[in-house]
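Please dock the two separately framed chains into a single complex, following the hints provided.
For the protein sequence lines, the chains are A and B, in the order given.
Just add 51 to the spot in the first sequence (first one is 1) and you have my numbering.
Just add 8 to the spot in the second sequence (first one is 1) and you have my numbering.
If you are wondering where the hints come from, they were derived from the structure by calculation, not from laboratory data.
Quantities reported herein were computed from a predicted structural model and do not represent experimental measurements.
C-beta: ideal position from N, C-alpha, C; glycine also.
Fair warning: there could be bad hints in the mix.
[Stated by the list, open to error] In the DSSO-like style, the derived pairs of lysine-lysine whose C-alpha atoms are separated by at most 30 Å in a straight line are:
| id | chain 1 | residue 1 | chain 2 | residue 2 |
| --- | --- | --- | --- | --- |
| 1 | B | Lys67 | B | Lys136 |
| 2 | A | Lys82 | B | Lys177 |
| 3 | A | Lys82 | B | Lys61 |
| 4 | A | Lys89 | B | Lys92 |
| 5 | B | Lys61 | B | Lys34 |
| 6 | B | Lys186 | A | Lys82 |
| 7 | A | Lys89 | B | Lys74 |
| 8 | A | Lys89 | B | Lys186 |
| 9 | A | Lys88 | B | Lys19 |
| 10 | B | Lys92 | B | Lys35 |
[As the list claims (entries may be wrong)] Under 7 Å between C-beta atoms, here's a sample of chain B residues computed to sit facing chain A:
| id | residue |
| --- | --- |
| 11 | Gly21 |
| 12 | Arg27 |
| 13 | Ile30 |
| 14 | Ser31 |
| 15 | Leu38 |
| 16 | Gly42 |
| 17 | Glu52 |
| 18 | Phe63 |
| 19 | Ile66 |
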Amino acid sequence: MQENEFVSDDFLDQFLKADPGYSLPDDFAEKVAARAKKRMEVLQTIRDFLIYIGTFLVVSTALFGFAYFRQLELLTKLKSLGPTNLAWLAGIVVIGVFVLFIDKVILPCSFLFRTLRK
Amino acid sequence: MNETDLLKQVKNGNPDAFRFLISDYKKLVLHLVGRVISQSDDIEDVCQDVFLKVFREIKKFRGDSKLSTWIATIAYNTSISFVKSKSRKGEKYMEEIGLAEKRWLADDHVLHSENEELQALLMRMIEKLPVQYRTVITLFYLDEFSYREIRQITGMPEGTVKSYLSRAKNLLKQKIEKLQLNEKFYLLPEYAGK
Numbered sequence: 052m053q054e055n056e057f058v059s060d061d062f063l064d065q066f067l068k069a070d071p072g073y074s075l076p077d078d079f080a081e082k083v084a085a086r087a088k089k090r091m092e093v094l095q096t097i098r099d100f101l102i103y104i105g106t107f108l109v110v111s112t113a114l115f116g117f118a119y120f121r122q123l124e125l126l127t128k129l130k131s132l133g134p135t136n137l138a139w140l141a142g143i144v145v146i147g148v149f150v151l152f153i154d155k156v157i158l159p160c161s162f163l164f165r166t167l168r169k
Numbered sequence: 009m010n011e012t013d014l015l016k017q018v019k020n021g022n023p024d025a026f027r028f029l030i031s032d033y034k035k036l037v038l039h040l041v042g043r044v045i046s047q048s049d050d051i052e053d054v055c056q057d058v059f060l061k062v063f064r065e066i067k068k069f070r071g072d073s074k075l076s077t078w079i080a081t082i083a084y085n086t087s088i089s090f091v092k093s094k095s096r097k098g099e100k101y102m103e104e105i106g107l108a109e110k111r112w113l114a115d116d117h118v119l120h121s122e123n124e125e126l127q128a129l130l131m132r133m134i135e136k137l138p139v140q141y142r143t144v145i146t147l148f149y150l151d152e153f154s155y156r157e158i159r160q161i162t163g164m165p166e167g168t169v170k171s172y173l174s175r176a177k178n179l180l181k182q183k184i185e186k187l188q189l190n191e192k193f194y195l196l197p198e199y200a201g202k
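Chain B extracted, bound-state conformation (with noise of 0.2 Å):
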């Protein structure tokens, strides 16, 4: 089945259709999703709630945009109001980008990972960025998506993606550089830059 008679087939409220559609673009969600809220326990809830919503405003789909990009939209603005809700509930979620920088920057938590894998060690690193930083690393890295596409998903004008896009990579490599200096891990040859 094409993605266009999915489509018809969802907005017909075809259930079996709509789960094909799931397992399309679950994967997109969930990276989504789960990059913005960073709270394992509560991922598969927000996941759900986007594909509900998906499912209560498919009709108003009228393929302005790939489907990939609108459902990315839902489940952006669904998990910033999550991570917006849980602030308001006094968890620290968002703060102010610059604050979010230097708080990251001079957290030592993560140094402390001399027997960890560097994989993991870095997924963290990332878990801990700022949540614009950390949104615009994954539709850009996993999610493939263009600077324009990121546009429309978050809001954001291109230039903030762009600049955020270089900021959160000059951020992990002074974060990798302190690592280094602490003596806490060696990069691979192979890695390592000039």
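Pulled out of the complex, with its shape left as it was, chain A reads as follows (with noise of 0.2 Å):
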């Protein structure tokens, strides 16, 4: 390309080196940290909850394993409750891990993100 005559390189250089003034707010180091922060919070909450019904499903399927394969009365009488009864056992599980999934997610969580949003 033809080299132009009117501009000089050193002119151009030091003018795409000046700065662009472009501006962040003051506390902008302090708004994304304290982001960061309540993130990491959030994913430990989820995190919890995961280890609490991890833990709850582990210790279950290890006592029905148990009771199963020693034959235990435990079992005998599980059966012997009917399918109604047992589908309110299975409603009442259900229910007691959803109270704990609101009281270790999703109340944390909504608390973090309120406060995020301030």
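Given below as structure tokens:
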């Protein structure tokens, strides 16, 4: 390309190195660090909930497995409850998990998001 | 606190250390995001996204490159994704480079600037350059990355980086020449070339 006669390279280089004048608010770093901290807390909350559920599932599976293989009385008693009562029992467990979910995930997260928005 | 200690603290999830890291690299991210997206309303949001990604991904940083190169890569990718998403929404952000060059040279809006300061006028010219040119100019001149580092950040081959830099400078020179021919402004003698 033909060399331009009017503008020197030095001038252009000097200008290209000039600050473009964009700016961020003074509290930008604080704001972003606070958001990162809240995100970390939300993730921690979800992780805690998953640990609760995981522990519950592992323990109950182990108990039922033990009862099944050892042909314990517990299993016979459970079978004798009948489908309706078993459904009630399952319902109570589901409600328990739901309450745990609300208490350990939804409430802390909604609190965190509210403080994040402020 | 040196960079290694700072990194260790950030990797451990220390928010104060992360605040220091943001302060250290704020300018680098701001320059790159600002130049790539050229939309002042969105600059802060995109910069926030960049740093949140940095925080999320920092454990994956193994020190294979400089921390600044790694952060600039995240800033570049985030800005380009933003630009592409805007393009999909119908805004004209990205286009084929040859077309973008022609449109830029033909656009005389930047010429109506008799009372404008030279510095501001030239800044506006840069902001209207094709996005690839704005990116390499910013990384090379403002953030002083080498050609190799710019290749790592943008994924463009070194030859392309060099060619974009030279094309961008020539385009700017052509535009300034056009301005002078239109007698819209005069360069001070000390700025003029041969």
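**Message:** Given the hinted pair Lys82(A) and Lys177(B), is their Cα-Cα distance within 30 Å?
**Reply:** 37 Å, violated
**Asked** Are the Cα positions of Lys89(A) and Lys92(B) separated by 30 Å at most?
**Response** 29 Å, holds
**Item:** chain A contact restraint on Gly21(B) - CB to CB distance below 7 Å
**Value:** 6 Å, holds
**Message:** Hint check: Lys67(B) vs Lys136(B), CA-CA at most 30 Å. Holds or violated?
**Reply:** Violated, because 37 Å separates the two Cα atoms, which is more than 30 Å.
**Asked** Should the hint that Arg27(B) touches chain A count as held when the rule is a Cβ pair under 7 Å?
**Response** With a minimum Cβ separation of about 4 Å from chain A (threshold 7 Å), the hint on Arg27(B) holds.
**Asked** Does Lys35(B) lie within 30 Å of Lys92(B) when you go C-alpha to C-alpha?
**Response** 23 Å, holds
**Request:** For the pair supplied as a hint, Lys88(A) and Lys19(B), confirm whether the alpha-carbon distance does not exceed 30 Å.
**Result:** 12 Å, holds
**Request:** Would you settle whether the hint for Ile30(B) is holds or violated, based on the nearest Cβ-Cβ distance to chain A being less than 7 Å?
**Result:** 4 Å, holds
**Message:** Given a cut of 7 Å on the nearest C-beta pair, is the interface hint for Ile66(B) held or broken against chain A?
**Reply:** Violated - the Cβ of Ile66(B) stays beyond 7 Å from chain A, reaching only about 10 Å at its closest.
**Message:** Would the hint linking Lys89(A) and Lys186(B) be met if the CA-CA limit is 30 Å?
**Reply:** 53 Å, violated
**Item:** Hint check: 7 Å Cβ-Cβ cutoff, Glu52(B) to chain A
**Value:** With Cβ-Cβ at 6 Å, under 7 Å, it holds.
**Hinted pair Lys61(B) and Lys34(B), Cα distance within 30 Å** = Within the cut-off at roughly 14 Å; holds.
Checked against the numbered hints above, the structure breaks hints 1, 2, 6, 8 and 19 and satisfies the rest.
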